[in-house]
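So the protein sequences, as listed, match chains A and B. Going by my numbering, the first sequence runs without a break in its numbering and finishes at 433. Going by my numbering, the second sequence runs without a break in its numbering and finishes at 11015.
Hints listed in this document are in silico derivations from the structure and should not be mistaken for laboratory results. In this text, all values refer to a predicted model and were calculated from it rather than measured experimentally. Errors might be hidden in some of the hints.
Stated by the list, open to error - Computed, partial: chain B to chain A, Cβ under 8 Å:
{"no.": "1", "residue": "A10598"}
{"no.": "2", "residue": "I10862"}
{"no.": "3", "residue": "Y10864"}
{"no.": "4", "residue": "I10868"}
{"no.": "5", "residue": "A10883"}
{"no.": "6", "residue": "S10945"}
To be verified - Computed from the model, here is a short list of chain A residues facing chain B with C-beta under 7 Å:
{"no.": "7", "residue": "L303"}
{"no.": "8", "residue": "I311"}
{"no.": "9", "residue": "D397"}
{"no.": "10", "residue": "F426"}
Claimed, not checked - Each computed DMTMM-like pair below joins lysine to aspartate or glutamate, with the alpha-carbon atoms no more than 25 Å apart:
{"no.": "11", "chain 1": "A", "residue 1": "K87", "chain 2": "B", "residue 2": "E10904"}
{"no.": "12", "chain 1": "A", "residue 1": "K209", "chain 2": "B", "residue 2": "D10964"}
{"no.": "13", "chain 1": "A", "residue 1": "K202", "chain 2": "B", "residue 2": "E10313"}
{"no.": "14", "chain 1": "B", "residue 1": "K10308", "chain 2": "A", "residue 2": "D206"}
{"no.": "15", "chain 1": "A", "residue 1": "K316", "chain 2": "B", "residue 2": "D10964"}
Every residue gets a Cβ at the ideal spot worked out from N, C-alpha and C, and that includes glycine.
One-letter residues, chain by chain:
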Amino acid sequence: MRLSSLFFILAGIAAGANVSAQSEVPAPAEKQKQPIYLTHATVHAGNGKVWNNATVGFENGIITFLEENPSFKTDETLGKVIDCTGKHIYPGIIAPNTKIGLDEIEAVRSTNDYAEVGNYNPNVRSIISYNTDSRVTPTVRSNGVLYAQTVPQGGVVSGTSSLVQLDAWNWEDALVKEDGIWLNWPSMLSGGGWWAEPSAPKQNKDYDKNVAAIRDYFREAKSYQAVVHPKDNLRFSAMRDLFNGKKKLFVRVSRAPEILHAIQLAEEFAVPLVIAGGSESWMIAGVLAQKNIPVMLSETHDLPRSDDADIDQPFKTPAQLQKAGVLFCLSIPNGFWQERNLMFQAGTAVAYGLSKEEALASITLNTAKILGVENKLGSIEKGKEASLIVSSGDVLDMKTSNIEYAFIQGRMIDLNNKQKELNVKFSKKYGLN
Amino acid sequence: MRKLVTILSVCLMAIELPAQETTFKTNGPDDFREGKHAFTNATVFVAYDKKITGATLCIENGKVVSVTVPATGKEGTSLAGYIRHDMNGKFIYPSFIDLFADYGMPEVTKPKWNEDPQMESNIKGAFGWNQAIRTDFHADRNFTVNDKAAEEWRKAGFGAVLTHRKDGIARGTGALVSLASAKENYVILKPDASAHYSFNKGSSTQDYPSSLMGSIALLRQTYYDAQWYKNAGTKAEFNISLEEWNRQQAIPALFDAGGDWKKILRADKVGDEFGVQYIIKAKGDEYQRIEELKKTNAKLITSLNFPKAYDVEDPYKANWIELEDMKHWELAPTNCAALAKAGIDFAISASDIEKKDDFLAALRKAVKYGLDSVVALKALTYQPATFIQAYDQVGSLEAGKLANFFITSKPLFDDKCEINETWIQGKRYELKAFDAADIRGTYELVINGPEITKATLKISGDATAPKAQFTNADSSKTDVKLSYKDKDITLSFTTLSLKKENRTGKVRLTGNIDYSKNSWSGQGQLANGEWVTWYANQKSGPEADTTKAKTDTTDVTKDLGKVVFPFLSYGNEQIPVPENFLIKNGTVWTNEAEGTLANTDVIIRNGKIAAVGKGLSCTDCKVVEAAGKHVTSGIIDEHNHIAISEGVNEGTESSSAEVRIGDVVNSEDINIYRQLSGGVIGAQLLHGSANAIGGQSALVKFRWGYTPEKMKIEGADGFIKFALGENVKQSNWGDHSTVRYPQTRMGVEQTYYNYFTKAKEYQKQWNDFNAAKVKGAAPRRDIELDALAEIINRKRFITCHSYVQSEINMLMHVADSFGFRVNTFTHILEGYKVADKMKAHGANASTFADWWAYKYEVIDAIPYNTAILTKMGINTAVNSDDAEMARRLNQEAAKSMKYGGLSETEAWKTVTLNPAKMLHLDKQTGSIKTGKDADVVLWSDNPLSVYAKAEKTFVDGILFFDKDKDLQKREEIRKERARLIQKMLNDKKGGGATQEPAPKGSSLYSCGADHDHQH
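Let's have the full structure, built from the sequences with the hints guiding it.
Here it is as structure tokens:
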């Protein structure tokens, strides 16, 4: 086993050497210059299809070749060839509903950049806070997460989220799409005391009022769009793309009846809805499937919400949604450093009923669909962007998952990070291999 | 004016008192009265178990003179001088006594929330150090009569209460007072009747204690302080709180457990340490662990505060209610019956019931649910009186006792029984007039006036509220409004006429009843204003009641749900016991030199691993087929905070070495079961990381359904939590928390030197004392320094929350200089930077697999930590500090393969054998080895794989988690919920009050639970 750890390190250095020198914050990779072929791999396309002994080729950042047992012999004249025998290729993982780049150290206020003052902030844009130089991002990327939807928090309407690629010089470079407006749905329960005197939560007496206030805000925002105003209201203006269908409404909501109320709102204003969180979405999976409402599901690695619940409820919620035909993806709401475990949360869902390829889709293609970027991201298909990862083992299982190469738009990215360097530094000090 | 009235009424009260010596002066001629009353022909309950019919109760001067049965024909003789009350058909009961009242006590004001720390008491005067010790309070000196409040009690049948101020951990004394409306001097029956204690610091604004375990420690330390004070301490200081504390040791001690049955056990355990047997106030859930409570020998005061049914009409909202709350709704009324059945001495209190008017109904409910009515009376009279040694005064109607009783027209446990009068200290308080005589029957009414002068009036229906009606010539009916009281009667009805159109306007009659002749007569006014005379004579008595009295004969105790252990969903009706198992053909991860063995059998017998090998047989074993599956020793979590009641931190001072998680283990935590389902068999339950020296740990096995004490691992070494860094120096506690020492890492070091230096000196003091031939007074026992001295003596072992290398280094130096070793650095995220030093020191490491970035001091945390430490030869574990992560520690262990390339064997040991070693439990658990505890898990797959699920978890050979049984239990939970929901719907339909559904509050702790998930 020691041998394999040596191999890991060497592999990392080899991969890094191709792109840039090691550094605490690896430099973004250069644009793909020559065609790249990854050969003899097991390709998990993300759309459910598995290709054995397959070769993936890409040029100018776009996948141009994908064949099982390809008839031609790859050689250096075609471009760069990487033998991936025994390895697995997956689409780059997408982490939705995160604080990556918006938060560096949770307890240090000066590094928290995700919640603006006030209740209605549709106009604040997470992309402006997004820090491409976060020390956290390389630690997440090196586990195969190549995209993230960074999301503002707080208030009632928190702001506008953005999908970014995780290997960029600046936020303009990182931005894939500003994709939606985030709404925190009121809770039917409130209270619960505080840590020293915990008290049982009570029904939120203001719930109906809170919901009505949101509805009123949406009504006013919608009518605002109808004419030109002498004085612009930046907040209402920012809602425009919601009503014209260019952006989605992501509603953070967890309980079944609350989800049903959120659906009523979306239907009233005819806005495309995504349920974010939805820990009780399994209870109303039939409704969600029938209405084609996607769910950006909260952690699989979570505790059941009540003592009486099935002890494996959060573990098996993905399988329940899958079975009911609900489009869903996995997320770690408000996470950032934790995103490096997103693939393992998908792995746990496999132990509780998803197939491995369904689990993979729940962190790749399904996510791309929900974010509206499935035409270019989320699966390994010809014509899509070459954003993929190569792992020496099953990416969903921490026991074997080991990312050797990663490509974003064909660019071979540096998988080094500060933590790997500290490992090397101290292993060297102690003379460990 | 109002004041004048008050003064007058006080004077009157004094005057009305029995004729005995008094120091009070009267204005005007004395008006002493003897208060001689005789209640004849009554059914008298002289005592709870002694009923006399046809008895005469005589009282004088507020006391019982006699209860006798006169010989036939001699009724009423020799009662000269007594005011006679004919109580034929009536019942007389001795008044109830409540031991948990705060009647007449000054109001306790809740302190304003103050964010600034308050480390010292702010009460001025020569009191003790902690504001929650209020032994200086005496109920008798603060008691004032409050007639309005007394009235509430009287209506519920009470004649006397033990009252105290419900404030503080030591609450001072209680006084037995009657509920008479009289001058306090005559109402206080027994001053200093009791001393009161609780776990709740009440209105104290002082920070310490902030947790339940802190309250327990404060009580224990105060007992020791008081002992020292008595023997030697008075030379050192004058301390009112301790003076009073010591005085109060001679009177009955009453402990308000203030919560569920576990707190009764906790209170009793405190008492046991100091040879005190508390009378303990319970809340009414004792039926959930009745056998354990019986073993305490404690007398209990229980409550009849039965929960209302939940409003479960909305199925989504109904989902919020936990099964345990539904079950408690159903079973709470059986509590008293369970106490009686178990042979526990108990008194019943009405103090928790919001409206005292509801008390008698609740009492009857308890009787319907199986409480013997004699025992019920006993629990309200004899028991409370004897508990506080006041049976010579109250609790029965034997000669010489207070004339405290109440009178009813029906037996007390009859649903319709109301208390008509209550007599307290010989004074009558009328509550509800006795029912008037039965006037039902058919009467001929004669009115000397209008068109119709004679009519037939029929009075029927309920004897206490009869209805009256005329039948007109055209056989239509005319209703009569009838009211009567004593000898007065009034009638009003629409004018009687042959012609319908003339039946307008009301006739109103008023008159007297002559009961001896069954006739009425008087005057009245017709609709036109004309005065007339009238009379009515009864022609026939009431018709026999043909409608059968509706008696509720349904046996409510039938088809009740069962008590389960623990009292939660997934609890068991029978506490599981060890069985013998043969686990066949599994891949066995031994964690021993043999390594991982294919196709191997494991025999579990008598709670131990009896054999490991191929082709084993066992005739008396249950066979578990394990082909294709993996068998391992159980996971042990070195760092866990589940199953802890009311506070994981006593972070109010920089050291809280005196507090013990072992005092607050919570067996009723669903996370125990959930973690069993993740293959975890036990854990170190740790104090939090809010201070440099935290509290003592509890090492437990997850024995689901066992009591807190039985979850603790027998004979385990003592451990204690230390902490370093940001939590300790309050970096992330907000701007108000800048007072407590230390605020820097420099100060953290000095805190340790200070405490260990003190502990060393303390130790010497005791050593000198113990060695001295001629003994002086013993030094003061300090339970905080005891714990620290144990560390120095290598009898208690540190688990230190730590992150940054500088302070890890520092603590090892502190330990070296006092000659002990830091047992374990936990979290230890920068351990990899000082691995060589840790190795040299001999410390163990227990780390998070991959956590970081949640605060500044974890900025250099790396997931390779586990691997580096392991490769350096340090015994390394992976821990959870998190109820969720704990149930997939196998996955966390596997991360050390990904990050740093540990072997499967090495990785697996980080959650099994290695934590067992660092908790000094490896001789008994942590590997699959003959003779070790049968702490065994059967996995569906390689346990390090994300796809592996624990299918069976054995602890000490007891199958506590089984995948198949779990599925059955889910079904049972669904069925039981459905049954109870239907029952609640019926209850609501039947007019029962409801409460709105809401989930129970959960208290999940991590290290810095108090401050926003800061681990």
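Here's how the hints hold up against the structure:
A distance limit of 8 Å between C-beta atoms decides the matter here; for A10598/B the minimum to chain A is near 19 Å, and the interface restraint is violated. Using the Cβ-Cβ criterion of 8 Å, the hint placing I10862/B at the interface with chain A is satisfied: the shortest such distance is roughly 4 Å. For Y10864/B, the interface hint holds, the least distance from its beta-carbon to any beta-carbon of chain A being 4 Å, beneath 8 Å. The interface hint given for I10868/B is met, as the beta carbon of that residue sits about 6 Å from the closest beta carbon of chain A, less than 8 Å.
Here the hint on A10883/B is kept, as its CB sits about 6 Å from the closest CB of chain A, short of 8 Å. Satisfaction of the interface hint for S10945/B is found here, the shortest Cβ-Cβ separation to chain A being roughly 5 Å, below the 8 Å cut-off. Taking 7 Å as the C-beta cut-off, the interface hint given for L303/A holds, the closest approach to chain B being about 5 Å. Against a cut-off of 7 Å between C-beta atoms, the interface hint on I311/A holds, since the closest Cβ of chain B lies about 5 Å away.
Checking D397/A against chain B by beta carbon gives a least distance of about 4 Å; that is within 7 Å, so the hint holds. With a least beta-carbon distance of about 5 Å to chain B, the hint placing F426/A at the interface is held under the 7 Å criterion. With a CA separation close to 21 Å, the supplied pair K87/A and E10904/B stays within the 25 Å bound. A C-alpha spacing of about 46 Å is found between K209/A and D10964/B, which places the hinted pair above 25 Å, so the restraint is violated.
Between K202/A and E10313/B the CA atoms are separated by roughly 17 Å; this keeps the pair inside 25 Å, and the hint holds. Between K10308/B and D206/A the CA atoms are separated by roughly 24 Å; this keeps the pair inside 25 Å, and the hint holds. Between K316/A and D10964/B the CA atoms are separated by roughly 16 Å; this keeps the pair inside 25 Å, and the hint holds.
Going down the numbered hints, you'll see the structure goes against 1 and 12, while the others check out.
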